[in-house]
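Protein chains in written order, with the numbering used here: chain A, 1 to 109; chain B, 1 to 168; chain C, 1 to 411; chain D, 1 to 187; chain E, 1 to 191; chain F, 1 to 343; chain G, 1 to 169.
Please keep in mind that the hints were generated in silico from the structure rather than gathered at the bench.
Honestly, I wouldn't trust all of these hints.
Said to hold, decoys possible - Interface residues of chain D toward chain E, partial, derived using beta-carbon atoms under 8 Å:
(1) Ala-62
(2) Gly-95
(3) Cys-146
Said to hold, decoys possible - Pairwise CB distance ranges (calculated):
(4) C/Asp-338 <-> G/Leu-154: 19 to 29 Å
(5) C/Asn-24 <-> B/Ser-24: 11 to 21 Å
(6) C/Ala-197 <-> D/Lys-182: 55 to 65 Å
(7) E/Ala-172 <-> C/Glu-336: 24 to 34 Å
(8) F/His-271 <-> B/Leu-138: 21 to 31 Å
(9) F/Gly-189 <-> E/Leu-35: 25 to 35 Å
Virtual Cβ for every residue (Gly too), placed ideally from N, Cα, C.
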Amino acid sequence: MNQITSAIQIIPLEYYIVLSVTLFSIGVMGILFRRNIIAILMCLELMFNSVNLLLTAFSAYHSDPAGQVFVFFIMIVAAAEVAVGLSIVVMMKRNVESVDINLLNRLKW
Amino acid sequence: MIFLFFMLSAIMVISALFVVFSKSPINNVIFLIICFIAMAGHYILLNAQFLAVVHIIVYTGAIMVLFLFVIMLLNLNKAIIPQKSRLTRIMAVITGGIFFLVLLAATRQTFEIHARYPFTSEIGLVANVGKTLFHEFLLPFELSSVLFLSAMVGAVMFGKKDHPNEAE
Amino acid sequence: MAKELETDYWERDLVHTPEPKEYNTLNVGPTHPATHGVFQNVMLMDGEFIVSTEQTIGYIHRAFEKIAERRPFYQVTPLTDRLNYCSSPLNNMGWHMTVEKLLGIETPKRVDYLRIVIMELARIADHIICNSVIGVDSGALTGFTYIFQDREYIYEIYEEICGARLTTNMGRIGGFERNFSPKAWEKIHHFLKTFPAKLKEFETLLVRNRIFMDRTINVGAFPADRALAYGFTGPNLRACGVDYDVRVINPYCSYEEFDFVVPVGQNGDTYDRFMVRQEEMWQSLRIIEQAIAKLDAMDDKETYFAKDPRFVLPPKEKVYNNMEALIWHFKIVMGETDIPAGEVYHSIEAANGELGFYLVSDGGRTASRLHFRRPCFIYYQAYPEMVKGAMLSDAILTMSSMNVIAGELDA
Amino acid sequence: MSEKLNPIIAPTIAEAPEGISGQGFFATSIEKAVGLARKNSLWPLPFATSCCGIEFMATMAAHYDLARFGSERLSFSPRQSDLLMVMGTVAKKMGPVLREIYIQMAEPKWVIAVGACAASGGIFDTYSVLQGIDRVIPVDVYVPGCPPRPEQIIDGILKIQDLVGNESLRRRNSKEYEDLMKKYNME
Amino acid sequence: MQNLTNRSKVVSDKKMTFLEKIYLPAILRGMSITLSHFFRKKSTISYPEQTREFSKVYRGQHVLKRDELGRERCTACGLCAVACPAEAITMISAERKPGEEHLYREEKYAAVYEINMLRCIFCGDCEDACPKEAIFLTDRIVSSQYKRQPFVYGKDILVEPLDPEKRIDISARQTDAVRKFKENKKYAHNK
Amino acid sequence: MDWTLYIYKTIFLFIILLVTLLVAMYSTYGERKVAAFMQDRRGPNRAGPFGLLQPLADGVKMFMKEEIIPLSANRILFILGPSIAMTTALLTGVVIPWGGTLTIGGREFSMQIADLNIGILYVFAMVSIGVYGIMIGGWASNNKYALYGSIRAASQMISYELAMGLSIVALVITTGSLSLHEIVQQQHGMHWNIFYQPLGFLLFLTCAFAETNRAPFDLPECETELVGGYHTEYSSMKLGFYLFAEYINMFISSAVIATLYLGGYNMPFIHQLGLSPNAVTLLGTAFFFMKILFMIFLFMWIRWTLPRFRYDQLMNLGWKGLIPLAIFNILATGVFYYLNELF
Amino acid sequence: MYQIDPERNRLVVDKLKGQFNEAIEKHEMLADMLCISVKKEVIRHCLQFLRDDKDLQFNFLTTLCGMHYPETSQLGVVYHLHSFVNNHRIRIKTATHISDPTFPSATTLWPAANWMERETYDFFGIQFGDHPNLQRILNVDEMTDFPLRKDFPLEDQTREDKDDSMFGR
């Protein structure tokens, strides 16, 4: 147990920053890249999580639990977003038989 | 430790790339799950065990199952959606790369971070997180529950069929 | 809409045109566990809900009507065994009565009562299968093994009387092949004594259990007018609230002398069908008791076949010794008796409904045409209408509660 | 009564191997062990079409209890079953279905034709009934009777168990087996 | 629909009481039943070791009877084959030669008598049809085989053994009248 | 570095895995025997004495059976499915306190592999990953019945996990800890949580049935409707993994129930016997296993008694029945403790 | 026993005669049931009349089957009707020459007739004019013969154990 607790003192904070920036960029890229709404939602989750990771890392380095609390809030928002997003997907699939984002850009069908 | 960190990071980045580039939605979901499990590993490294477990329960256990469920329910894997045009895809990659570089550059500029409190490994425990959550962030917590409720209502409203008989 | 999107200023990708709504097709059968016998249902599913069903039957079509045209009357009895094989004696007796009607054989009262005992036992045996299978299909396997032991006991009674368990070939035209042995009576009495407690126990397991009630109430409900239009008979019709029972409407085999209740349901759902069958078992027990009382009251304990030398096999001891009897024996076995030309329709209340025999004879050795009114065949065609809009689990329970017997369905 | 019973060695898994002799022992004892395991865990696929199916229900039920032989787990999915029990009439319309199910079953697989109809067409010598399922799939054991008593069905299963217990592990790859399959136009 | 009879009774009650709605009482009642069976005597018959009692009139494997002197009763009249709905019986008749009187009862006998046990449905019609008390079904069951061919039972299996000890008793299948008749030795049939 | 501890933990881990597998193996046998006995039958009794070698026979047979991967199936996922199911089922056992502490050579060894301070949540996390085994396997088979089975499994397990979590919240209010070890220690003597949380116990039990896909909630694999459910296309050892995972899950959830509500390894009046501490520990472990076995028996008992639910009724029960009840339970517990503190 | 009610029989015959006149070819009292032969042109109207008439109310189609009369080369259809209210059964027969085996369908009157007519088609090759789905039901679709016609052989032509000389009979 002791080993794990000291882990964060070995790994520099920068590493976490770079990692989360990478993930975030991958998420952005994915959103631009894909046409499938579900894939886009997933990339969104990826971006959320890169932020979560960063927040946790800062929280750990600052020894301040507030950062982790924020992660919870983000999770709540993410869950809400997924719930609504997926129900939109279901409805869209039902109505236009497709989950292609291009069919949504007029916001009507 | 460093090795563990790099391993987890590598898993995360590679699986994240697969999420973007793999065509089949099911594969996307599975790679995202792998990514998230690796992230839980990171949380444990960062001493946030509680967060790690909650992350697994919420993300892997609920949200991703929901994704998988929707994909299975709608049988989306068969409905092949055409990819964006090659130009758009190349542009997307370039944009992402540039974005990455910009962010990296921006973070390189940051000043050195100093810990606010003396280091303690206890902050990730349920008690500490809970205390902070219910003392300092009580109002946002309650508000988020309202947000969640409205999201739930919204989801139900969306998901409902307009006219139950129409489907026939 | 598609046109609008084609002029999209940025995306020049192929635009996905909406396809017609797509449902899943689910192929239930022919070897699906819930189809028991063999019929195929191609179900169009919207998630768990059934949009429409298309049935294919005939997977064990055996050409009964064709065989019956080539066999003398007494050889048709084994065929009727295999119609509704859950209650073979009922079919046997129905067929014998049909032939007796054609030949004008008057059966003695004792034969009638013996037949009633057997027929009601067969009805109980059939309903045991159907109701315990409803239990099995809803996941409660244990009730099946409890109540099936009593079915085994009924088998033993059959075996004591005719020597076979399932496809009994019981009775001959004009009566029975032998008198009931004392052991058979003993077993019948024992059955009457023990069965009510077992049946009660089976009911306790399911009837008022909310899980079971939820699973069956309003599942596969069918209004009475549709049921009549579809030609439902038997428990399935009675569950819809129509008290049609051939035993009461057109009594045969002295049923008019018996006192019993015709159980009916409310709206023809699975629970109603289950309860109607359950109550019929109780009523059958009553009928058997009455029949035994009547038999006990009779002085005659020996008559077990009609004394009509023209069509009924002479007793063996005469055949062995008497030329006249031997000649008749040969004539009857060879089918060379003078069978009158004519047509009759006889129907009995089989376990599944009105089992009718339409027999046309041209005076030859065999029937020139024999048509079976097979209740299963007639009401199974209503299945798509019954399960439309229901869930998959409902469809399976509906199917088992209709008690579709493949042998009867496919002939 | 003695004639009613076939001499059946009560199958037990704890049989001691006889004689140890060099390399051969190893192979045969493994084969024996596998055979014992297989024969005590035959999962049937009841292909019950008519009357015999009801007798099969009786075999499964309390009085006869097929579970004693380790065969009570019915698997209606052909992938998971070892023993295809064809019970009841198989019409010509059903033939291809039966064949398909046999092909879908995972090796090693055995077939038992229960009842007169499945074994030979029985009383139904008509245009629509397959005169014995061995026209479409290979059959290992025939059980006579119309329908057979549960005792006879159990007899048949014991016969199959003997067959299974003594089968060489290599049989399914042998030339003979291939020829058999070829005869039925399978692979 | 009006009532067709005055005997009908509605039997299903679909209203649930509160106790029934909360699942538990019914579940507990069911569980108590299953538990009571757990400790009850099992009704299983361990077949190959134990056998269930067969009825005396059970219709199993056929037997071709001999008379008291050991002569085959069958005269190959063919009625059983005619009566067989499954067409499973075949026979070839032959004339009895002088010197064979101790083997065959009548002048004609079945040289070949075969029953295809796979076809046979054990309906008992052959027994019914036999005017010579020659063929009976017995309470023995026909065992299963690996091949088709052994199912064609010839006379070697069907005819009962000559040894009076090993004769197969079928008297339970006969009616009382026949049994009474058989005791009377003055009739030709019983000689 | 405390090497003895590591060695001990490793050995103990293997023992636990072995015991888990063994119990799961013999619960397949037990299931068949219990079913048989409840149905007036005898059950398997040919393989070895009393049929005790039946599970071995099944195992060997499945191992020697041909592997079939349907052509239309997704190969990787098809293999991944059962592996996930098996792994997650096995992983859950590490947080369960199997007994008190053993003192060997003056050192104390805890009979628990990892005493996480969030033990309950860990169990939940593992259970929630376990769904993937079924979902992926069912989907990868490319068979409609399997797909229906996995869809049912997914929705059922998500819904009941919610109710399960909520029913645990009330328990956590009473115990004030998420660590399984502490929860067990609090139930010292006869202070079992079942007496303090009867409603919570009932809810948890119901949800445990649903989470392990046992009757009356065995919709994902109910054979009368879906042939084999999610494992319709599986044969050989992959099928074995699925069937096995179910029994392991049953064992583990019995252990969790026994830990949370039935006092874990606590045995009343054990300290009055005047035994040595080690003996007390071992006796406690034995008692714990007896509780587990009773729970497994309960699982089987219920399975062979009740009919199963329908999909929508299952959802109704979960969302409209169990979750409100669980919330009510939380409120009642909260009010009770608040009042307790006030007066 | 089932009581024969001559009054009702006469009523049925009179009503039908009044409605369809000479299209009613024959009526006779067979063993247990009134049997009426009707020309096939009016069979549908006749059935409808029997079903809808206030006094008769033959609301239940008990069974329907085909017939083959090889001696007159005719194919026929026999309907058994049952009036639940009056507890009265009658048999309606109709026939036509084998070269033109078409009849109107009763499916619109009773949905129950649907499968029975398909079966009749399957067995006898009788075409029912406006039947919604007249396909073979029991036999395989590829079959071209109609098995219940008298000229069709019963036995399976491929039976092996019977070809063996010892099974020949």
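Exercise. Does 25 to 35 Å hold as the CB distance between F/Gly-189 and E/Leu-35, or does it fail?
Worked result: Holds - the Cβ-Cβ distance for F/Gly-189 and E/Leu-35, about 29 Å, lies within 25 to 35 Å.
Problem set entry | Satisfaction of the D/Gly-95 interface hint, Cβ to chain E closer than 8 Å | At about 18 Å, which exceeds the 8 Å cut-off, the nearest Cβ of chain E leaves the hint on D/Gly-95 violated.
Problem set entry | Per-residue hint verdict: D/Ala-62, partner chain E, C-beta under 8 Å | holds, 5 Å
Exercise. Are C/Asn-24 and B/Ser-24 spaced within 11 to 21 Å by their CB atoms?
Worked result: holds, 19 Å
Problem set entry | C/Ala-197 paired with D/Lys-182, Cβ distance criterion 55 to 65 Å | holds, 59 Å
Problem set entry | C-beta pair C/Asp-338, G/Leu-154: status relative to the range 19 to 29 Å that was hinted | Holds: the Cβ-Cβ distance is about 25 Å, inside 19 to 29 Å.
Exercise. Does 24 to 34 Å hold as the CB distance between E/Ala-172 and C/Glu-336, or does it fail?
Worked result: The hint (24 to 34 Å, Cβ to Cβ) holds, given that E/Ala-172 and C/Glu-336 are roughly 32 Å apart.
For this session: May I ask you to test the interface hint for D/Cys-146 with respect to chain E, counting a Cβ-Cβ separation under 8 Å as satisfied?
Result: holds, 4 Å
Exercise. Taking 21 to 31 Å as the hint, is the beta-carbon distance of F/His-271 and B/Leu-138 inside that range?
Worked result: With Cβ atoms ~44 Å apart, the hint is violated.
Violated hints for the displayed structure, listed by number in ascending order: 2, 8.
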